[in-house]
Amino acid sequence: MKVHVKAFATFREVMDNQLDMEFPEGASIRTLLDGLTERYGGLGELIFAGPDTLRDFVNILKNGRNVYFLAGLDTPLDDGDVIALFPPAAGG
Amino acid sequence: MLSKEQKERYKWQISIFGEDRQENIGNTRLLVAGAGGLGSTAALFAAMAGFGTIRIIDPDCIEESNLNSQLLYREADVGRQRAETASKALHAMNSSINVEPVFAAIGTAPVRNLIRGFDMVIDGLDNYPARFLLADAAWQCGIPFIHGAVKGFYGQVFTITPPTSSCLRCIIPNPLPVREIPVIGVTTGVIGGVQVTEAIKLATGTGLPISDHLWLLDGIRQKSDWLRIERIPTCHVCGKDEYRIPA
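One line per chain: the protein sequences are G and D, in this order.
When we follow my numbering, the leftmost residue of the first sequence carries the number 1, and every step to the right adds one.
When we follow my numbering, the leftmost residue of the second sequence carries the number 1, and every step to the right adds one.
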């Protein structure tokens with residue numbers, strides 16, 4: 001299946017703004033992040049605080065819904081999904 | 001009815017949307033939370049546009065390091081309260097509007113008391129715990145909350161319009177810890193300007209608010225992007241009744 005990935009703000013400093021990725025059936029957000037960290041050196045350190053623990057500013061949206069409300073890293077991927085990696089700005 | 005002076009003052013924007021809608025702006029009570037880079041930019045544009053009442057809330061005094069991004073302050077203002085100084089600067093810009101400075105932090109008094117009677121809120125805050133307090137209260141009171149935030153050359157805007165749009169927690173479920181964030185005036189200028197554009201659109205019924213997408217500025221690549229946002233049915237602020245935590 002094909003998934004479209006979009007990166008925003010500071011994530012663009014270590015990866016492409018957007019890309020398409022292919023995955024086998026049964027893949028999850030965790031599979032996607034594994035693929036991205038393998039492809040982009042420095043991304044793993046930027047987004048993971050430890051194994052299986054995302055840094056507090058990392059927000060991942062599947063088709064507009066934060067995966068926090070779905071199944072987190074275990075959220076399954078579906079063909080045609082748009083996955084956004086978004087580090088919110090906080091300053092004023 | 002607009003006075004003769006008001007018709008002259010606002011004639012170039014009356015030519016965009018007409019006298020009735022200019023009157024709507026004048027009748028709108030706008031709360032600006034934070035008088036830093038975003039808040040001072042937003043309050044300035046709002047005063048220029050003729051918002052009839054602007055309440056500006058901030059707990060801090062002006063520091064030298066504020067002068068790179070906070071449009072309303074001058075070197076001689078260092079050490080003065082930001083809310084009061086902003087209020088004087090706004091009144092000097094437009095003496096026909098009411099400006100109410102409040103020297104307080106969000107959360108030190110019941111938030112509903114701060115927003116009661118206001119028509120919309122502009123988020124010029126610099127931390128998520130305060131944003132959530134205010135955004136949740138605004139949602140529960142049915143008041144639009146125009147979220148803005150910056151980090152360096154990046155920024156974002158999202159207009160929360162209860163009861164139909166998503167809320168802030170649908171996008172960012174957990175408040176980020178309070179940290180010092182790099183800020184530059186060119187970014188707060190753009191984001192604060194977009195926030196007031198949203199306020200003007202809401203006040204005049206012009207166009208559609210940015211309420212189903214997050215609008216993102218990438219100042220490094222000079223691009224803007226849209227990030228689709230879906231309302232979360234289980235959200236405890238804007239979700240279905242059975243999931244909401246009573247206010």
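Since the hints were made in silico from the structure, they are not lab data.
All of these numbers come straight from a predicted model, not from anything done at the bench.
Take these hints with a grain of salt, some might be off.
Non-contacting residues of chain D with respect to chain G, defined by C-beta distances greater than 12 Å in every case (computed) [unchecked claim]:
1. Gly117
2. Arg131
3. Asp136
4. Thr164
5. Leu217
Here are some, though not all, of the chain D residues that point toward chain G, as calculated from beta-carbon distances under 7 Å [as the list claims (entries may be wrong)]:
6. Ile14
7. Ile16
8. Arg29
9. Phe153
10. Leu176
11. Leu227
From the three backbone atoms N, C-alpha and C, an ideal C-beta is built for every residue, glycine too.
- Message: Hint compliance check: list the failing hint numbers for this structure, sorted ascending.
- Response: Per hint list: 2, 5, 6, 7, 8, 9 violated.
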